[in-house]
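Asker: These are the residues of each chain, in order.
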Amino acid sequence: MIDWPHWLPLLAVLPLVGGVLTPLLFHRLPNAACFWAASIAALTLAVAVALLVRLLASGGFGYAVGGWLPQYGIELRFDEIGALAVAAGFIALLSLVFSRHYVARAVEPDRAPLYYALVLINLGGLNGFLVTGDLFNLFVFMEIFSVSAYALVAMARAPIAALAALKYLLLGALSSLLVLFSVGVVFAMTGTLNIEDAAVLLDASSAMPAGLALAGLATGFAVKAALFPVHFWLPDAHAAAPAPVSAILSALVVKAGVVGLLRTLELFAGGDDLLQPLLTLIVWLGALGALGGALMALVQRDIKRMLAYSTVANIGYIFIGLGLATASAVSGAMVHSVNHAVMKSALFLAAGAIIHRTGLRNIDDLRGLGRRMPITAFGMAVALIALSGVPPAAGFVGKWQIALGALEAGQPWLVAVLVVAGIVVLAFGVRVINALYFRPPARVPVASAIEVPASMWLPVLLLAVASLALGLAGTPMLAFVGPAVQSVYGTIP
Amino acid sequence: MNARRRTARILAFALLAALAGPLIHGVLQLPAPGSADAPAHANVTANYVERGAESGGAENLVTGVLLNFRALDTFGEVIVIFTAWLAAAAVAGAVSETGRRAIPVSPVVDYVIRALGPFIAAFALFVIVNGHVLPGGGFQGGVVLGAMLILLSLVLGPAPVAGAFSARHWAWLRATGVLVFAATAVIGLALTGHLFGLPAEPVLRKSLMIVLELGIGIGGGAVLAGLFFAVSGVQRS
Numbered sequence: 004m005i006d007w008p009h010w011l012p013l014l015a016v017l018p019l020v021g022g023v024l025t026p027l028l029f030h031r032l033p034n035a036a037c038f039w040a041a042s043i044a045a046l047t048l049a050v051a052v053a054l055l056v057r058l059l060a061s062g063g064f065g066y067a068v069g070g071w072l073p074q075y076g077i078e079l080r081f082d083e084i085g086a087l088a089v090a091a092g093f094i095a096l097l098s099l100v101f102s103r104h105y106v107a108r109a110v111e112p113d114r115a116p117l118y119y120a121l122v123l124i125n126l127g128g129l130n131g132f133l134v135t136g137d138l139f140n141l142f143v144f145m146e147i148f149s150v151s152a153y154a155l156v157a158m159a160r161a162p163i164a165a166l167a168a169l170k171y172l173l174l175g176a177l178s179s180l181l182v183l184f185s186v187g188v189v190f191a192m193t194g195t196l197n198i199e200d201a202a203v204l205l206d207a208s209s210a211m212p213a214g215l216a217l218a219g220l221a222t223g224f225a226v227k228a229a230l231f232p233v234h235f236w237l238p239d240a241h242a243a244a245p246a247p248v249s250a251i252l253s254a255l256v257v258k259a260g261v262v263g264l265l266r267t268l269e270l271f272a273g274g275d276d277l278l279q280p281l282l283t284l285i286v287w288l289g290a291l292g293a294l295g296g297a298l299m300a301l302v303q304r305d306i307k308r309m310l311a312y313s314t315v316a317n318i319g320y321i322f323i324g325l326g327l328a329t330a331s332a333v334s335g336a337m338v339h340s341v342n343h344a345v346m347k348s349a350l351f352l353a354a355g356a357i358i359h360r361t362g363l364r365n366i367d368d369l370r371g372l373g374r375r376m377p378i379t380a381f382g383m384a385v386a387l388i389a390l391s392g393v394p395p396a397a398g399f400v401g402k403w404q405i406a407l408g409a410l411e412a413g414q415p416w417l418v419a420v421l422v423v424a425g426i427v428v429l430a431f432g433v434r435v436i437n438a439l440y441f442r443p444p445a446r447v448p449v450a451s452a453i454e455v456p457a458s459m460w461l462p463v464l465l466l467a468v469a470s471l472a473l474g475l476a477g478t479p480m481l482a483f484v485g486p487a488v489q490s491v492y493g494t495i496p
Numbered sequence: 245m246n247a248r249r250r251t252a253r254i255l256a257f258a259l260l261a262a263l264a265g266p267l268i269h270g271v272l273q274l275p276a277p278g279s280a281d282a283p284a285h286a287n288v289t290a291n292y293v294e295r296g297a298e299s300g301g302a303e304n305l306v307t308g309v310l311l312n313f314r315a316l317d318t319f320g321e322v323i324v325i326f327t328a329w330l331a332a333a334a335v336a337g338a339v340s341e342t343g344r345r346a347i348p349v350s351p352v353v354d355y356v357i358r359a360l361g362p363f364i365a366a367f368a369l370f371v372i373v374n375g376h377v378l379p380g381g382g383f384q385g386g387v388v389l390g391a392m393l394i395l396l397s398l399v400l401g402p403a404p405v406a407g408a409f410s411a412r413h414w415a416w417l418r419a420t421g422v423l424v425f426a427a428t429a430v431i432g433l434a435l436t437g438h439l440f441g442l443p444a445e446p447v448l449r450k451s452l453m454i455v456l457e458l459g460i461g462i463g464g465g466a467v468l469a470g471l472f473f474a475v476s477g478v479q480r481s
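In order, the protein sequence lines correspond to chains W and E. At the far end of the first sequence sits residue 496, using our numbering, and the numbering has no gaps. At the far end of the second sequence sits residue 481, using our numbering, and the numbering has no gaps.
In isolation and in its complexed conformation, chain W is listed as follows (with noise of 0.2 Å):
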């Protein structure tokens, strides 16, 4: 059964159909439609465990949509980069049984339907993203997923989702673009779309054309996984969204701006003479992006703001890992995509579990939750402790390897960067810490306020403990991910 080929296109045919059906079959209905949508994620991620464990038993693998040979047809692979959608439908689900009762109060009744269709959309264009190997098709499940996500922000009743949400549409639709032509010029000069066909016929030494690529390709890429500094729309867009959207944005829809990336790279192996100056300059963004906002993370008041910039920050750190282009700094920056989705879409829950019920957003206004609300309050405390990078919790394996990997390059500036990036997130994780268990309540909401109902809490609770035993499984994760590594950046030390 695990063998059967035909997984790897339901990977994200599946969410896509389930998603489409949604408005249609539970129209007024919000919570049948939450009901199957959350079946439609479940069965998808039992899809990508399927994948998965193809993968561990016999290594990479390719389907043949239609039938065609690769380059006349498109070809799906599922390599360790594709094996991200494990993570994403174990984050999409848990999100969506978060929404349950969240989204009940959050958005209008009968739209609810079409957020839940939404979300599975969101979810089949971020798999078609990661498993496809064909430029032309990478761009379009890049829509999917990007026309879905905006919507879904703008679907929060906050007046400011609108505004936020324009922001993001427009950078998006100009990233989008920036990508296409791209596509266009690699297919100009290579005739081909398929990725690993491209690779092996671009001419990477002629300066401008491929330059031209390379160029609008990283800069597409960056704005989607908002590196410094096309970061600006992002603080707008995951605090105003609801928060299950804002957990879905930060953990997958930002790493899949990472993954066009590593895409890229594999497109340009070879290219050293172009890809050397866009991997220093990634190196730099990414470190002004980890301090600017881990800095900007601290000065916040609300609760879902300095998440999002804590977001940036991370986001940095990738990129530092990616542009160091050592094989530990890589494998860490990889490893850290996924860390990071599980300990971040553990945070946005839980933050989101505490605005539904007490209203409040204000970090100084949530002192004394953790008497209250002492599940929620736990798994925001974990995961924020396993954030800032305390070893052995999730946050330390990939900080490590980068930091490792700088050495390796002789950056160690880069190790004192991150050092400081990490105090300061150590330094607003105990903030608040402090204020959910160790200040006396301060507002009415928070005194009365009782835990959320389990589907709420347990969903939080399962991310926390994840991001602490995925710092427990770091040593066979970067070992997962090593052919990857090899595979974007050919041999590297």
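Label-pair restraints from in silico Cβ distances: (1) W/GLY65 with E/GLY278: 32 to 38 Å; (2) E/LEU305 with W/PHE235: 39 to 45 Å; (3) E/PRO443 with W/ALA476: 43 to 49 Å; (4) E/LYS450 with W/GLY485: 45 to 51 Å; (5) E/PHE257 with W/ALA45: 49 to 55 Å; (6) E/GLU303 with W/GLY62: 37 to 43 Å; (7) W/PHE235 with E/ASP354: 45 to 51 Å; (8) W/LEU177 with E/ALA411: 33 to 39 Å; (9) W/PRO232 with E/VAL447: 56 to 62 Å; (10) W/THR283 with E/LEU267: 19 to 25 Å; (11) W/LEU204 with E/ALA366: 42 to 48 Å.
Note that these hints are calculated values from the structure, not bench results. Even for Gly, the Cβ is constructed at its ideal location relative to N, Cα and C.
Given the coordinates of chain W, assemble chain E onto it according to the supplied hints.
Answerer: Below, chain E alone, put in the same frame as chain W:
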């Protein structure tokens, strides 16, 4: 304020010019369009041109590429179109009971548009079902269909056009493209052993392609009309 706005404009223009320079320079270095040995015409495309009509199953090569060779892309595009409607419906303003009334237009315009309606619809159908031979197909025909519905909504007011079907039926019509495509993908799996595959038997393949084009056309037209209805407030979900 005015001086400031002017400075901002000049800066924006300078930035655009600075960006346009390298873009134009880069594009000029690309292989000349139309030259026979350009990679874009030589590599995969040459094979499409040589054998595409036969193996793709459509005399119009573009249709063969869209529905057969690169069916997954087209499926994705149909999803994007549907998602656009979902997005509009999710964020559009509250539903008004009656919808906006028709803006009075001159009787000549009114008469001409009503009289043209059936012809536009027939042309849309022609474009859709002939997509495998002539330029056109589901997307183009769907746009013609949608344009006709919007034109009629402008003249008659959106409410009577939206009222042609119940909200539920409109919802299924909008999803036609996606659902027909998904069904064809599964039929392809049963017949060829590959998801999104089309059988090699010519009559069966042609019929499946026409059904696909019809689905895309009807779905696209309904989504376009749905976008108009959502914005004008007659119908949401």
